[in-house]
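Asks: In this note's numbering, the protein residues as written are 1 to 254.
Read the hints as simulated data drawn from the structure, not as lab findings. Certain hints may be false.
As the list claims (entries may be wrong) - As a list, the in silico BS3-like pairs of lysine-lysine whose alpha-carbon atoms are at most 27 Å apart:
hint, residue 1, residue 2
1, K47, K183
2, K122, K211
3, K183, K122
4, K67, K35
5, K35, K47
6, K67, K47
7, K209, K122
8, K67, K183
To be verified - Computed spacing ranges between beta-carbons, pair by pair:
hint, residue 1, residue 2, range
9, Q31, D190, 34 to 42 Å
10, R44, G162, 23 to 31 Å
11, R232, H70, 35 to 43 Å
All C-beta atoms, glycine included, are put in the ideal place defined by N, C-alpha and C.
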Amino acid sequence: MPRVKEEEPTTHRTMQVVNHIRSLIENGTLQPGDKIPPEREFARSLKISRASLRTGIGYLAAMGVMKVRHGVGTFVADGPPEFGKASLSLIGALHGFQSWQMFEARIILESHLSGLAAERGKEEHHTALAEEVAEMFAAISSPTDYLIHDLLFHRIISQASGNPILAAIIETITSALYDSRRKTVERATDLRESAEMHREIFRAIRGHKAKEAHNLMEQHLRMAQIAQGMERPKERKRSSAAPKSRQARTATAA
Numbered sequence: 001m002p003r004v005k006e007e008e009p010t011t012h013r014t015m016q017v018v019n020h021i022r023s024l025i026e027n028g029t030l031q032p033g034d035k036i037p038p039e040r041e042f043a044r045s046l047k048i049s050r051a052s053l054r055t056g057i058g059y060l061a062a063m064g065v066m067k068v069r070h071g072v073g074t075f076v077a078d079g080p081p082e083f084g085k086a087s088l089s090l091i092g093a094l095h096g097f098q099s100w101q102m103f104e105a106r107i108i109l110e111s112h113l114s115g116l117a118a119e120r121g122k123e124e125h126h127t128a129l130a131e132e133v134a135e136m137f138a139a140i141s142s143p144t145d146y147l148i149h150d151l152l153f154h155r156i157i158s159q160a161s162g163n164p165i166l167a168a169i170i171e172t173i174t175s176a177l178y179d180s181r182r183k184t185v186e187r188a189t190d191l192r193e194s195a196e197m198h199r200e201i202f203r204a205i206r207g208h209k210a211k212e213a214h215n216l217m218e219q220h221l222r223m224a225q226i227a228q229g230m231e232r233p234k235e236r237k238r239s240s241a242a243p244k245s246r247q248a249r250t251a252t253a254a
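Let's have the full structure, built from the sequences with the hints guiding it.
Replies: Put into structure tokens, the structure is as follows:
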């Protein structure tokens, strides 16, 4: 298997790792339910760095191909993977867009999806969201694990909206912004506050409070937008000149 070149751009390197792991699943080397080898051993067998492997696994977990069980390990998800070649093509098409444009679209779409999830979400969605919130609190000291459950939380909301077209669009945007989110979470100094914000969003959705769910998600994403430097260029200059509140500094995962 060819070695991933560490000097390549992070996004491209991530996708190479993803393709390596996907090929192992497609050719049957990794089966549904299989636990992947320890990180050091697996990275050595793929001839990639542990950091690159960690990023690729996080991406696949967010797409539902792998399941991370905090304190237990990482497993190939049971059932048909929801991540295919079409997703990679869509992500590639997005590369001509600027990050702030994608994040702006994400705020508009995902806030609306949260409102729809509050109106249409079923008990199975509520249960899944509760599990991811619990996993986020359990992973507060592990940014890599935290991000995986953060991504899954947002993905479940998209599914609960009942609109697969909007869910597919937001998943494509989210995938394209993955590396930026990962770097931001790794720099975060207080993931607990982020976890608490996710819990508030979950409670609004579970309580079928559509407007509250919409507003909480929008507030959460706008704070993440500032933390990740994803504002429109003119707005970024204004926000960088203004003092940041503690909440804006700490609630960086989205």
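Asks: If a hint holds in the structure, say so; if it doesn't, say that too.
Replies: Results for each hint:
| no. | hint | in the structure |
| --- | --- | --- |
| 1 | K47 with K183 | 23 Å, holds |
| 2 | K122 with K211 | 17 Å, holds |
| 3 | K183 with K122 | 33 Å, violated |
| 4 | K67 with K35 | 9 Å, holds |
| 5 | K35 with K47 | 19 Å, holds |
| 6 | K67 with K47 | 23 Å, holds |
| 7 | K209 with K122 | 14 Å, holds |
| 8 | K67 with K183 | 21 Å, holds |
| 9 | Q31 with D190: 34 to 42 Å | 39 Å, holds |
| 10 | R44 with G162: 23 to 31 Å | 44 Å, violated |
| 11 | R232 with H70: 35 to 43 Å | 37 Å, holds |
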